[in-house]
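> Next come the chains, spelled out residue by residue.
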Amino acid sequence: MTSSWTGAVRRYALRRLPSEKLIPETQPVYMASWIYVFGVLTVSALVVVLVSGGVLALMGPGWWHVSGVGRYVNSVHLWSVQLFMAVMVIHLWGKFFMAAWRGRRVLTWMTGAVAFLVSLATAFTGYLVQQNFDSQWISGQAKDALNATGIGAWFNVFDFGQMLMWHVLLLPLAIGLLSVWHILLVRVRGIVPPIGATAPGDGR
Amino acid sequence: MKSAQVPESDAFPTRRYDLVKEFTIALAVTVLLSAGLAGLFSSPNVPPTTLASWSTAAPNDFTATAVAELAGTSTSAQYGPPYNHVPGAGQKIGPLGLQRAAGVRIPVDPAEDFVLRPLRQAPEQPEVTAALAQWNAASADQQQSWSSAYADALNKAPDGDPAKAAPGDYGPVPVLTARLLTLARAGSLDGQLLSPGRFYQTAYTKPMLFLADGLYLSDRATEQHLTGAQWGMMNETGNYPGQAWLWLSTFWYQIDPFKSSKNADAEIWAIMAVLSLALILVPFIPGIRSVPRWTRVHRLVWRDYYRTRR
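Line by line, the protein sequences give chains A and B.
All residue numbers for the first sequence refer to our numbering, where the first residue is 38 and numbers rise by one.
All residue numbers for the second sequence refer to our numbering, where the first residue is 135 and numbers rise by one.
These are calculated hints, taken from the structure and not from any lab test.
One or more of the hints may lead you astray.
[Claimed, not checked] Calculated pairs, DMTMM-like style, for lysine to aspartate or glutamate (alpha carbon to alpha carbon, straight line, at most 20 Å):
#1 B:K298 - B:D195
#2 A:K58 - B:E258
#3 B:K155 - A:D196
#4 B:K226 - B:D390
#5 A:K58 - B:D144
#6 B:K226 - A:E62
#7 B:K298 - B:D286
#8 B:K290 - B:D303
#9 A:K58 - B:E142
#10 A:K58 - B:D286
#11 B:K226 - B:E401
#12 B:K290 - B:D195
Being a predicted model, the structure only gives us computed values, none of them experimental.
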């Protein structure tokens, strides 16, 4: 059988991430703290954010202003974002104090940090597309910062259409891709060992 | 903390750990919490300010703002890029003027766009037609003189009421602004300030700039604790959490030298860009990357490991 690009990609993927590493049934014994829960809580909160935002997208941006069900779904979206940001920040601080970038895990840290910053931008554009007083005031204030840095000439916070596209398409896509990349990196490299730890049997 | 010193994770003993079960429980918890908090607290939805509601609730503020647009003294008229060319306008980061470098990409001429064009496009009354003709025939200096004099007169009038303004040489300005107020109160100005000549549109740049030039919008914001001095960037209307994660960006606006700097936005966002980059590059920054080793938080996280290792 001749080699193919497809086969090469499959062999590379399976070599880097065999199924037992992708979905393992065991973890190192040192993975025993509540701080580890905040990573998976971040992912689960993101799922609730995406699903509730998806329902709002299905019905359109004006729906929640005229429907009780819509208002409730919007509220679920708001509170899931609050939970998402809270658990993500705890996760981030936890990983900082664990120096979780050690052992060739720098890219895992960087993808997580960029995902956090993209999340701030996504939440910000969410406030801009609410079509209420918050949107008006926040856009009126934010334009000065964005214009002062030159960004406002292209990223117009008063353009509802542009902000909606960023909020429901571009930024969620970025967060989704970064999250998948981040999680795959965690699985490829495994959970970072404790600071100062030596491998069992290693006399150092 | 060189990577060579960090053993591979699979060199350690393992224990059973059900990731899928953990995720399922986490998802159930976040769904229940989100649903519960939504049911208990709902979400804020204070109606937006329209030009109609502004001109009805605060007609004198509306008129004063319209006069400022004609006089070229409003915030929008003095703004500079990306809206208009104003000599010297635009914030800088030290010598770097990114605002000016970006240029005028969203053109806005406040006097024309907010006042004169809407008046021309509305069904014209004879006195408005005459006032527009008088305005157009006058020199820029004359226009400035009329509108500035009227702005001063409104400033001195009780409550800024145009009906109580002292008589003076205001040219056609009182007629123009009175007619604009009528159009706004009837609701037609809200539509007229959107991009003219287009049916589908999504940009609210012009009505938002006009609204923001008045005091009414910021008065409403103050009531809702949303202004800069109230750490408003991280607040939202009502008693809701808002964007608490913007605390650091908001913090800089509260302290000197930024509090009183005319380049505060540019300077603060330059600082935040550097700090954001620093967050991403923490593993490479000497000192910062060693903080986890110096502090004892990791001893708490891995207390079982360190205890059994002893």
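> For every hint, state whether the structure bears it out.
Hint-by-hint comparison with the structure:
1. B:K298 - B:D195: Cα-Cα ~14 Å, so holds.
2. A:K58 - B:E258: violated, 75 Å
3. B:K155 - A:D196: violated, 43 Å
4. B:K226 - B:D390: holds, 17 Å
5. A:K58 - B:D144: Answer holds: K58 of chain A to D144 of chain B is near 10 Å, not above 20 Å.
6. B:K226 - A:E62: violated, 55 Å
7. B:K298 - B:D286: Since the Cα atoms of K298 of chain B and D286 of chain B sit roughly 13 Å apart, the hinted pair holds (cutoff 20 Å).
8. B:K290 - B:D303: Distance of about 15 Å is within 20 Å: holds.
9. A:K58 - B:E142: holds, 13 Å
10. A:K58 - B:D286: violated, 75 Å
11. B:K226 - B:E401: Answer holds: K226 of chain B to E401 of chain B is near 8 Å, not above 20 Å.
12. B:K290 - B:D195: Roughly 13 Å between the alpha carbons, so the hint for K290 of chain B and D195 of chain B holds.
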